[in-house]
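Chemist: From just these sequences and the hints, can you work out the full model?
In case you want the letters, here they are:
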Amino acid sequence: MAKIIAGVTTSHVPAIAAAIDLKKQKQDYWAPIFQGYEFSKKWMAELKPDVVILIYNDHASAFDASIFPTFAIGCADEFLPADEGWGRRPVPALKGHSDMACHIAQHMILDEFDMTVVNSMDVDHGLTVPMNLLFGDLTPEEQWPCQVIPFPINVVQYPPPTGKRCYNMGQALRRAVESYPEDLRVVVFGTGGMSHQLQGTRAGLINREWDTRFLNGLTQDPVALTKIPHSEYVRETGSEGIEMVMWLAMRGALNEQVREVYRFYHVPCSNTALGHIILENV
Amino acid sequence: MSEPKLSAYLNEFEDIPGTLIFNTFRSRQGFNLNQFCMSLMKEPNRIAFKADNAEYLKQWNLTDAQRDAVLARDWTGMMKEGGNIYFLSKLFSTDGHSFQHVAAIMTGSTQEEYAKMMLEGGRNPHGNRSKSNPSL
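From first to last, the protein sequence lines stand for chains A and B. What the first sequence shows, in this note's numbering, is residues 1 to 282, in sequence order. What the second sequence shows, in this note's numbering, is residues 1 to 136, in sequence order.
Don't read these hints as lab results, they were simulated from the structure. Check the hints yourself; a few may be wrong.
Taking lysine to any residue and the SDA-like style, the derived pairs with C-alpha atoms no more than 25 Å apart in a straight line are [claimed, not checked]:
(1) B:42 to A:227
(2) B:5 to A:232
(3) B:50 to A:22
(4) A:48 to A:78
(5) A:26 to B:23
(6) B:131 to A:232
(7) A:95 to A:28
(8) A:48 to A:232
(9) B:131 to A:28
(10) A:23 to B:116
(11) B:80 to A:157
(12) B:116 to A:28
(13) B:80 to A:66
(14) B:116 to A:18
(15) A:24 to B:97
(16) A:164 to B:50
(17) A:227 to B:80
Looking from chain B toward chain A, a few residues come up when the C-beta cut is under 8 Å (computed) [what the hints assert, rightly or not]:
(18) 12
(19) 85
(20) 114
(21) 128
As the structure is a prediction and not an experimental result, all values here were calculated from the model. All C-beta atoms, glycine included, are put in the ideal place defined by N, C-alpha and C.
Modeler: Pasting the structure below:
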């Protein structure tokens, strides 16, 4: 049977994509950010998962203003990096796991989480940046070392799902994965965050204290985090800090007891407080 | 869980300073504007738009306020007319600008001042949490 072995959270700041594509990794501004993922890349290279289920939000790339699916799952065999206004990113196409994704979608719907099945879509920086940060800077001719199931959650149009709903959804995702007959080792990513606001006169808001409490709570008491209302995310961490509900989706897919293997927090990454944590099931 | 109170939910965001929440109502209001932005994900459309902004906009049925805000690159104006920052990002990317460039403009500071604020730890939440209680 398939098994979830670990969870990863990370911010997915688009400026990181630009820094990689323009080869700025060694510049003073960027070096400490990429340094913060050196441990993680080694950890991932040793872990060698078969499949990554990558929870992220589409930033008006695959889905235009005509549709905002709350929970969606990519069931295609392949996903291309989206053209977000400056051409497709020069990273490898992502190989999906169509059979497993179809199994998960059906299992979750019967488990009362009504997934939107996506049979064709491009994936934007929300997915490709976390892949780069954990698997390295690959050229389009290379291949990612594992298959990827994209799992977009709407956090663009309010209301997004509540943190509690995301956490419960993560638990349903786990049940779906664990009922898949093949012996696959799966890592779940929850991406986005941490505090950031990209709009209005309050743009640039950063709340290190709140972010730190959230990072601590992820291991110690995730159920308490599921009670945070949307208004608190926005008030305390900025309008785009709401992305952290996706971290709770990842957390729901892990054991109650987890071990924090690694943590990295850095301000600023463009407009954002960058947060990253690795959790292993105990 | 008790029955959700939608009006109370929406009202809570109204107390947060300098923030527009892109809810379903604003999504309806900004639909054409946001779809125009989406069209800029395709290179031929970017070329046509760059050649003549006003001419390209004619096919998108924008309101006068939306069209004027786009032509003036009035980012706050576009958001007030239902634009969402992730859709608007297609427009400023076409112009060759970054999120930080546009965020600086919306806060009324230069990009240098804004970048310096971020390097110094970002905008402090203190005093920026509530319109009704600025001391929070």
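Chemist: Are any of the numbered hints broken by this structure? If so, which, sorted upward?
Modeler: 1, 5, 7, 8, 9, 16, 17
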